Amino acid sequence: MKRTGFLYDDRYRLHKTGPYHPEVPERLEAIYEGIRNGELLEKVSRITALPAELKWVHSVHTPEYAKRFEAACRARHQTLDSPDNQMCPETYEVALLAVGGILEAVRRVMAGELDNAFCAVRPPGHHAETSRAMGFCYFNNVAIAARYLQKQWGLHRVGIVDFDVHHGNGTQHIFDDEPEVYYYSIHQHPTFAYPGTGREFEYGRGAGYGFTKNSPVLPGLSDDDWMRLMERDLFPAFADFKPEFILVSAGFDGHRDDDMSDIKLSTECYSWIMRRLMAMAGEYASGRIVSVLEGGYCLKRLPELARNHVEILLNG
Amino acid sequence: MFVSRSMTRRVITVNPDTTIFEAQELMGAHGIRHLPVVDSGGKLIGIVTDRDLRSALPYRFFKEGISPADKEGFQNLTVNDIMTRKVIAIPPSYTIQDALLVIQNSRVGALPVVDEEGRLKGIISVRDLLRAFINVLGIGQPGTLLCILVEEKVGQLKKIVDAITEMGVSFGSVLVARYWDEKKRAVFPYLLTQNVAQVKRKLTEMGYELLDPMQWYIDQLPENERPPDQPKK
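Protein sequences, first through last, are from chains A and B. Quick note: the working numbering has the first sequence finishing at residue 316, numbered continuously throughout. Quick note: the working numbering has the second sequence finishing at residue 1233, numbered continuously throughout.
No lab work stands behind these hints, which were simulated from the structure alone. Just so it is clear, the structure is predicted and the values come from calculations on it, not from any experiment. There could be a bad hint or two in this list.
Claimed, not checked - Cross-link-like lysine-lysine pairs, in silico, BS3-like; alpha carbons within 25 Å at most:
#1 B:Lys1200 x A:Lys16
#2 B:Lys1158 x A:Lys16
#3 A:Lys16 x A:Lys264
#4 B:Lys1121 x B:Lys1158
#5 A:Lys151 x A:Lys264
#6 A:Lys55 x A:Lys2
#7 B:Lys1202 x B:Lys1158
#8 B:Lys1200 x A:Lys300
#9 B:Lys1200 x B:Lys1184
#10 B:Lys1153 x B:Lys1121
#11 B:Lys1043 x B:Lys1159
#12 B:Lys1159 x B:Lys1184
#13 B:Lys1121 x A:Lys264
#14 B:Lys1153 x A:Lys300
#15 B:Lys1202 x B:Lys1153
#16 B:Lys1086 x B:Lys1063
#17 B:Lys1202 x A:Lys264
#18 B:Lys1159 x B:Lys1200
Unchecked claim - To give an idea of the chain A side of the interface with chain B (calculated C-beta under 10 Å), a few residues:
#19 His21
#20 Pro22
#21 Glu23
#22 Phe136
#23 His189
#24 Pro190
#25 Thr197
#26 Glu200
#27 Gly204
#28 Ser215
#29 Pro216
#30 Pro219
#31 Asp259
#32 Ser261
Built from N, CA and C at the ideal position, the CB exists for glycine as well.
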């Protein structure tokens, strides 16, 4: 059995998004319940959140943006940059705790104390741009983790796999012109889904050309098509790239019972994805893989999805 | 929505005496395919396209490059010899929609824009129109596309717009298109939000039929034919 870290902190529930919003604290409760009821809590190593040092936030976001976010929370603003980004006075602190917890998970994996980890955090991150909050996201958690791996641990090949049903525009743009971070995303086709980027012909720019890959999936499609596209686009690309570390933007909103998309994946398909990613991590990255929660809004399905996810991290 | 706002104003032009090799170099240097031909008073008297140049010169010039001897043989050929004289041009007061229709009907790739005296004011290309159209569609901004099927009667769109506005969601664009069923219209709001589940729920509660945008075929609309795999909701 692997040494799997599990990041969860009650304070992640303090980020409140107001009425009519799907990105709610109950999501984390559902995930925690799923892992507890699966009797996995005693098998994982618990990671407690601590606030991130600002220097890591600033490795991705402009200091002006971070300051603006902090000031908006202090001033009790209810949104940041877009009506989608509803927040409360605690949101800034919670976002820092999310980043800090993830960096701690990554540190422990790099230090050899853990093999891998699942980070059940809020708010999510992959839509956040360097100086703009978007799509429920404030700080780009996974992008900051990739920067930390580069700067603190000197890695030269970080692979990011984003299987949230929405394209991670923020993550893609942050590493657009860099050949040392490979961003792969599979998501509902941008003509039919938020945020309208992640088209098949986006491959990165300049020196980073060829280190971005997108697999858009048309509405209504399900497991077979999703798996076929990952087989076609992700696995050969990572076989060439040979990531030293795999970061996962784990979104469960492509599930057929999740009404945030028109993609119809089964619970089993998510297990298949994770097993394949684990195999890939074993092959190229000495097993080093850290998965970070993005979307996934079906409170009925999140428990089983999270339980399977962690079970696969434990059993590889 | 006027052509004068979207056109290129600093137009690269030639005069009738320009040699076709000079014209070819200009096109290459600026990455363009249309050169309006103007007289000394700035009046539009013709247009030369990259296609005109290709038709005027032997194919091997393009394939193998041009030798000095080749060049000699064609150096007297000028723009005046090959240009199109009956130019389809439009006034700056035309709208983008006018320009789209003119381009569709005339099958040209760019339209010179001229004032009442026939002086060249700008040029608008298919590329410029596409940029304007992308802007109108709102797809440069993050959002989500919905497709709603509504009865063809007064006030439907208002109800939809009101309901979505009440939820605090802003619009990138709203397109209304014909549908195979003549009594219905397909409404496509492009919403600047990720939070569409709540909008879909509300519209469904209001009795609207949400259509999978995949089921809508732009090409089949004029025939008023029922698409083969029309959903039976």
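Next pair to validate is Lys55 (chain A) with Lys2 (chain A); report whether the Cα-Cα distance is within 25 Å. Not satisfied, since the Cα-Cα distance of roughly 31 Å exceeds 25 Å.
Against the 25 Å threshold, does the CA-CA distance of Lys1200 (chain B) and Lys300 (chain A) hold or violate the hint? holds, 19 Å
Tell me if the interface restraint on Pro22 (chain A) is satisfied: Cβ within less than 10 Å of some Cβ in chain B. Holds, about 6 Å.
Pair hint outcome, Lys1043 (chain B) versus Lys1159 (chain B) [Cα-Cα no greater than 25 Å]: Violated, because 51 Å separates the two Cα atoms, which is more than 25 Å.
Within 25 Å, alpha carbon to alpha carbon, are Lys1159 (chain B) and Lys1200 (chain B)? holds, 14 Å
Does the alpha-carbon distance linking Lys1200 (chain B) and Lys1184 (chain B) stay inside the 25 Å limit? Cα-Cα ~19 Å, so holds.
Restraint check for Lys1153 (chain B) with Lys300 (chain A), where alpha carbons must lie at most 25 Å apart: Judged against 25 Å, a Cα distance of about 40 Å means the pair is violated.
Below or equal to 25 Å on CA atoms is what counts here, so check Lys151 (chain A) against Lys264 (chain A). violated, 39 Å
Chain B contact restraint on Glu23 (chain A) - CB to CB distance below 10 Å: holds, 8 Å
Double-check Asp259 (chain A) for me: the hint is only fine if its C-beta lies closer than 10 Å to a C-beta in chain B. holds, 4 Å
Supplied contact hint for Phe136 (chain A), tested at 10 Å Cβ to chain B: holds, 7 Å
Interface hint compliance - His21 (chain A) to chain B, C-beta minimum distance less than 10 Å: holds, 7 Å
Checked against the numbered hints above, the structure breaks hints 2, 3, 4, 5, 6, 10, 11, 13, 14, 16, 26, 27, 28, 29 and satisfies the rest.
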